[in-house]
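> Read off the chains here:
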Amino acid sequence: MDPFSSPSPSGGSSGQSVPSADVLMDQVKTQLAQAYAEEFFETVRSKCFTKCITKPGTSLSGSESSCITRCVERYIEATGIISRALFSAHR
Amino acid sequence: MDSSPELQRFLQEEKQKAMIAEMVGKLTSECWDKCITSTPGSKFSSSESTCLANCAQRYLDMTMLIQKKFQSMQQ
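Line by line, the protein sequences give chains E and U.
Residue numbers are given in the numbering used here: position 20 of the first sequence equals residue 13, and the series is strictly consecutive.
Residue numbers are given in the numbering used here: position 2 of the second sequence equals residue 3, and the series is strictly consecutive.
Okay, chain E solo, but in the shape it has when bound (with noise of 0.2 Å):
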């Protein structure tokens, strides 16, 4: 369904209704919060599989799996060493 569709009101002759801004605002920004999510997502997805899975056996080892964790959790403190480094340079 149109997310951004809304019933037609009864009688009028174009019987289009737009959204209120506040929530098209609502809208774009789970929208985009949703965006952001999936594509972070990928990325650790890909790089983690890259340091991770060097060899690809018929299970997930142990120590595939602990590195995975280990990984994603280091990839979300890199996003933020580099975001303050971009941020604290600008001062």
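Hints listed in this document are in silico derivations from the structure and should not be mistaken for laboratory results.
Treat the hints with caution; some may be incorrect.
Unchecked claim - Here are a few chain U residues that sit away from chain E, every Cβ distance over 10 Å (derived from the structure):
id	residue
1	5
2	44
3	63
What the hints assert, rightly or not - Short, incomplete list of chain U residues facing chain E, as computed with Cβ under 8 Å:
id	residue
4	8
5	29
6	30
7	41
8	45
9	48
10	50
11	54
12	57
As the list claims (entries may be wrong) - Computed list of lysine-lysine pairs in DSBU-like fashion (alpha-carbon distance at most 30 Å, straight line):
id	chain 1	residue 1	chain 2	residue 2
13	U	27	U	44
14	U	69	U	44
15	U	69	U	16
16	E	48	U	35
17	U	35	U	70
18	U	18	E	22
19	E	48	U	16
20	U	27	U	70
21	U	44	E	48
22	E	22	U	27
23	E	22	U	70
Heads up, the beta-carbon is just placed ideally off N, CA and C, and yes, glycines get one too.
Got chain E; can you put chain U on it based on the hints?
Leaving out everything else, chain U in the frame of chain E:
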């Protein structure tokens, strides 16, 4: 559709935020590749975290250098 100034301002703001998020994402990806060369540990070594911070700042320096070069080439 009526584009109120409030909506315009909101869209501008979100556009800015998206540009910043993209830059942080791209830089983190590249600096991770440059700086985290071994298997991730339970914390960063000080050389790894220093490398990451340096990487971001050198990227900014490089950006300014390229801008200056482009400007001088236009004259």
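> Each hint needs a verdict: does it hold in this structure or not?
Tested hints:
1. 5: violated (6 Å)
2. 44: violated (8 Å)
3. 63: Given that every Cβ of chain E is farther than 10 Å from that of residue 63 of chain U, nearest at about 12 Å, it holds.
4. 8: holds (5 Å)
5. 29: Holds. Min distance 5 Å.
6. 30: holds (6 Å)
7. 41: Holds - the Cβ of residue 41 of chain U comes within 8 Å of chain E, reaching about 4 Å at its closest.
8. 45: Given a least distance of 6 Å, the restraint on residue 45 of chain U holds.
9. 48: Nearest chain E Cβ about 13 Å off; hint violated.
10. 50: At 6 Å from the nearest chain E Cβ, residue 50 of chain U passes the 8 Å test, so the hint holds.
11. 54: Holds - the Cβ of residue 54 of chain U comes within 8 Å of chain E, reaching about 4 Å at its closest.
12. 57: Holds: closest Cβ of chain E sits about 4 Å from residue 57 of chain U, inside 8 Å.
13. U/27 / U/44: holds (22 Å)
14. U/69 / U/44: Given that 30 Å is the threshold and the Cα spacing comes to 38 Å, the pair is violated.
15. U/69 / U/16: holds (26 Å)
16. E/48 / U/35: holds (22 Å)
17. U/35 / U/70: Cα-Cα ~25 Å, so holds.
18. U/18 / E/22: holds (11 Å)
19. E/48 / U/16: Given that 30 Å is the threshold and the Cα spacing comes to 41 Å, the pair is violated.
20. U/27 / U/70: Cα-Cα ~23 Å, so holds.
21. U/44 / E/48: holds (24 Å)
22. E/22 / U/27: Given pair residue 22 of chain E, residue 27 of chain U holds - Cα atoms ~21 Å apart, limit 30 Å.
23. E/22 / U/70: violated (38 Å)
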